[in-house]
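Visitor: So the sequences go chain by chain: A and B. Residue numbers for the first sequence follow our numbering, beginning at 77 and rising by one. Residue numbers for the second sequence follow our numbering, beginning at 9 and rising by one.
Honestly, the hints are just simulated from the structure, not real lab data. Be careful, since some hints might not be right.
Here are the in silico distance ranges between beta carbons for each label pair [to be verified]:
1. B:Ser-236 - A:Val-409: 31 to 39 Å
2. A:Arg-416 - B:Arg-159: 29 to 37 Å
3. B:Asp-229 - A:Arg-416: 28 to 36 Å
4. B:Ala-24 - A:Arg-412: 54 to 62 Å
5. B:Gln-23 - A:Pro-396: 52 to 60 Å
Listed below are several chain A residues computed to face chain B (Cβ distance under 8 Å; list not exhaustive) [as the list claims (entries may be wrong)]:
6. Pro-396
7. Val-409
8. Leu-474
9. Asp-508
Backbone N, C-alpha and C define an ideal beta-carbon position, used for all residues, glycine too.
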Amino acid sequence: MGLAAGMTLADARSLLPELTVADADPGADGKALAALTDWCGRYSPWCATDGEDGIRLDITGCAHLFGGEAPMLSDMIRRLWDFGIAARGAVADTPAAAWGWARFRPKSATPILGEGETAPLLRLPVAALRLEAASLDTLQVLGLNSIATVVDLPRGPLTQRLGETVLARLDRMFGRAAEPISPRAIAEPWASRLIFPEPIGRREDIDAAAERLTAHLCRAMSLKGQGARRLALNFYRVDGAVQHIAIGTSRPTNTPTHILRLFAERLDQVEPGFGIEAIVLEATEAEPLAAMQGALTAAGEIDATDLAGLIDRLQNRLGPGRVVQLVPVESHVPERAEVREKAKAPSPSQPSAGPLPLPPCGRGASTLPRPWNGRGRGPRSGRVRGPSILKSARPISLLPIPEPIEAIAPVPDDPPLTFRWRRIQHRVAFADGPERIEPEWWRHQDTAKARDYYRVEDLAGRRFWLYREGPYGAPEPPRWFLHGFFP
Amino acid sequence: MHSDNHPIRAERIAQAAALIRAGLTKGPEGRPCAGTGAAEIDEALPWGGLTPGLHEIAAAYGDAARAGFVAGLLGRRPGPVLWCRSRRTALEAGDPYGPGIAGLGLAPDRLILAEAARPAELLWAMEEGARTKGLAAVVADGVIPDLTAGRRLQLAAEAGQGLVLLLATGRQSTASTALTRWFVASAPSRPEAEGPGRPCWTVALWRCRGGRPREWMVEWDDAALSLSVVAPMADRPLAAAIPLPGRPPAGFDGQGPGRDQADRGRPDGGADGAGRRDDLGGRKIAAA
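Here chain B stands alone, though its shape is the one from the complex (with noise of 0.2 Å):
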């Protein structure tokens, strides 16, 4: 019989727990990846998640989904991040937030934050942190690398093993050399007793080398800081139920609007925001 602590089980449980630890996964092509953290979205990658390499996430501008998704994304992997930015993307966009962010499973601590004045100075920093081993990723806002950087930038990537992660801004296409690209914007979530519901964002492929461009509806789940793919909108059971961008412009017939909408959402908010409907009643306008 063995017992229990053979040494060669005893290595492979550590050699699993280590891959379980790192969050990592072996792809198909034997690379090692980072998984999104839904598992619909990873089975549609050809490597089972995100390989080492350079991926463009794109969004609206000024649309705070993105930042969401990556920090979710982050999130499970281990290791300190470096975040390049160019200051005018700190001025306009905000930095990450560090109570924040923690709400989305990303340590603040973890984060390096790195403000470059020049885009050469912002691609030189990524691709010195691409190719340190160690790091969970780089992120890097302000600055889309062009075909030549974006192959520097790739190689470094593979050298370090590691996630570069551009933020791109606005659905323009232009040539890359980005494994895949994403786009992410936020999308109505479901809205539950009190005001907003979970967040729920729209993530679409657009492009993937060795993959078909998708797109999904995910809500993030702050309390199990997991991701999870949801029925889009019209399909949803609940749609019935919860009014959508076409309500009744409420507000001016002397109703609150969160209220409005939180009652009708809200199975058992009868007596109570009936209460407060009396409350509210002959309040005045006011603009500032």
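Isolated chain A (complex conformation) (with noise of 0.2 Å):
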């Protein structure tokens, strides 16, 4: 019809009134593309987005499992027709001539160039080396139109009227200069793949598929004492699209039914949509494994490998975050005294023992006698309250956020008579404090302020740990908070 890419629309409409317009959408193209990049991984684990409007493939070792270049290629293009796009593809011994033959090769030529077959190359147009336009207006006005002409130039003088860049472009066009692909996705050493010759979309299909290719790669690895630490399964559909899903496991295993166990609660979210055609399950992640002595597990200690599964089924299904250990932190301040790192399983020497005391703990293990008066270096009033000891108690419980609490007490440092939380009055019966503790001034710039904790018992018996934020007579009248609970 005429039509070509660069066109003003004024022109396109005078050709064709009843052209349907959109805006141009580069992101929605890119995104487009790199699912395409993605589909590709059918073909060859190496592949890149080239551009704006391609995908280079490195198809070394690929061609033959799907019977040739020629097929493979003709195969790869009818797909994409289906698909509703129209593209040109070639073969060519370097992505750079594959690019210039895809888009420039006269109508008649085959897309597929032997290996060492450079003589078609040197007839089509410079711009098949893909310059910049103000670099192919110099060759134009030069009379260079074709590679063949460009080819033989000295290269000196070449370079200094144009630059290095049309060398450059010339040497990766003949392999004088290697053009790395740089794959969107790596592809992995351990990997199986699966391709139907008819898609596939039912639940049991896939059951099948991915217990094949767990076996298959399970055998490869312990083959090599490997173990899977992440997996992830590709699905490739029909329409393009590839679904993927990973799993974790929190020791290396190439236990086929852990894995499957794994998979097996994920499998449900593959939405085959028209069919399924390939499906590569990949190691993403793999250590060394540790060689394993099964069965000898006195009574009593903790089956590791069990636990580990455990942790791996719930750190799946309940996403890696929900599933933590405390860790204790060297810090005073409450909240940092530990943090939560994704659990893992205890490794099968070491089983953690049992009742095993943690400092700094609750009030009755804490033999180190610390004067309490000793602490506190804020501008407080120098009184010693009594012989007593600071039992630094910490609570059983504590809230996320601390919460405030409307509270009554004595003025300077009285622990509160009464407090309100959520709404119901509690009176202080017991109190024990206070203690204060400093915000880590190394860390915060900010307006933290010094907290002197109370350990409360009301009337009921329940027990409270409160805070009071800021000294008296600042002026900002000091907060109360609740932060914790004693059992």
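Could you use the hints to bring the two separately framed chains together as a complex?
Guide: Here is the structure:
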């Protein structure tokens, strides 16, 4: 119809008045191209997007799986055509040659350039060198129209006149310079793939395929003494979409049943659509597997593999951040004294023992007497209150965010007489404190204030950990918070 | 004569040691069970302790006494603890705090905290945990399974030989498949020289398969990490000396409440206390 890229809209309309016009959306185009590149993973693990409108594949060692280069390319073009994408493809020795051949080859020419076949490339226009418009114009002015006219020119003057790009492109096209492809997804050394003659869609088929892939991969990994820490199943759908399911394990594993059980919980999420034509299982992270000795655990000892399996299943279903362990941190600020880390199974050699006191612990276990009046260095009166020692009691549960309470307390540092938390009034029967906890000045540039903590018991015997933030007499009145609970 | 390292004897000693280490004793029905730590309570249970299966432990909203009771119980068993809770529970009632539970004999590194967004996920996590051998217990906060789910959990717990502790809130009584149902509440403690004394809880056994409902007043000794049944408040010899809830509205006369209590509870709080009372004179009351 005579339409071409780069035409003005007015020109195009004059040729085809009923033309449908839509705004360009480069972002969406890029995404679509990336998705298409992922889909090309069914042909080769080494695919990358190329500019705004191209995809390059390194098909070294892949073509025979599809019956050779020509059948592979025609299969690719046909499938893309089925998606509604008019694509031109070419196979050549170098990415640059393939780029030029795909775009500028004569209509009658075959898309496949055999090995070492450079003569057809010489007949291409210089635009096939992928040069900028300025360089192209210069070449045009000089009357250098085809690659053949440029390729034999002396290199020195050519570089002086046109810069290094032209020579670099020429070298890449004829394989004198390397042009690596950086793939969108790094191909994993541990992978197994299954390509179906007919698209599958039933859950049983997917399960069976996953089982076969897992068994295959696990056999390969166990031969090399490797275990997977992360695995991904990629489903290539007929409509070009790629679905991705990833699982992680807390310890390297190559037990097919374990891996399958982890995947089984996620396979529900697979939407086969019009069918799945290929499945690839990859171990995206692998570690050497320590030699295992089974069935020698004594009664009462922890079966670490059982536990590891449990943690894996929980993490994969609930999410990795949802299954955590408490790890102590050296900090006197209560909420910083522990952090949550992703739960890990204990290693088989050292099962976690029974009761194991951890400093800083409850008041009874604080055998180190610490005079509490030696602690607070804040602006407070130096009164000494009896022979008390600080029992650095810590609550059994801590609120994630301290909750403000309304408290009535004698000035300056007595515990509250009564306080109101979540709309319930509590009268204090006994109290212990204050324990002053200063903010970590080396962390906080902001206005964190010192806290005076009190352990109080209300009339019903319930125990709370309250604190007053900020001293009396400051421009801002001190505020009271409830931070935790004692049993 | 047998030598001391006779193989059979050595084996028996090893077995006994393993049992003691595991905190397990054989119940009357031959099922291994976990002691609560207080002999009186264990005796009242038909298995001599808590037997593998589902146990429901209720408490009033926001009462941490139950957490103390559970932590003390779990501290006596070896192995990791899977603590499942819903996100809402974690936000509302707070999470187990490492330094605090260490004081109750439960090493924080034994705790695996799992957070589920939906009750179905929570139940699933509990069941997975119950089925796993080697866990000390599965604790679940924030979900009450219905009869079917409860039965499933019970079967899973029997398969894994583990404890499943359901933490319920309030006194509402729903049908439940739990082997035992408890209600734990805070009780006023016996005050010590400064501030509150040892934690006191009323532990009520509401229902028990093959046992009778009972109620105890227990005290937690956090130095010995042990639970002991104490006489109810009214019968205590110290009771006369301790001012109970109906104390005069202290504080408004210018005296700190805690100190007031403490001095009365302390036999030798004479001169020292008096001196401090002078200190306290003329204080202001501030409301914040």
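Visitor: A separate judgement is required for each hint: does it hold in the structure or not?
Guide: Here is how each hint holds up against the structure:
1. B:Ser-236 - A:Val-409: 31 to 39 Å: At 34 Å between Cβs, range holds.
2. A:Arg-416 - B:Arg-159: 29 to 37 Å: 33 Å, holds
3. B:Asp-229 - A:Arg-416: 28 to 36 Å: 30 Å, holds
4. B:Ala-24 - A:Arg-412: 54 to 62 Å: 44 Å, violated
5. B:Gln-23 - A:Pro-396: 52 to 60 Å: 40 Å, violated
6. Pro-396: 11 Å, violated
7. Val-409: With a closest approach of 12 Å, the A:Val-409 hint is violated.
8. Leu-474: 4 Å, holds
9. Asp-508: Where the cut-off is 8 Å and the nearest Cβ of chain B is about 3 Å from A:Asp-508, the hint holds.
Going down the numbered hints, you'll see the structure goes against 4, 5, 6 and 7, while the others check out.
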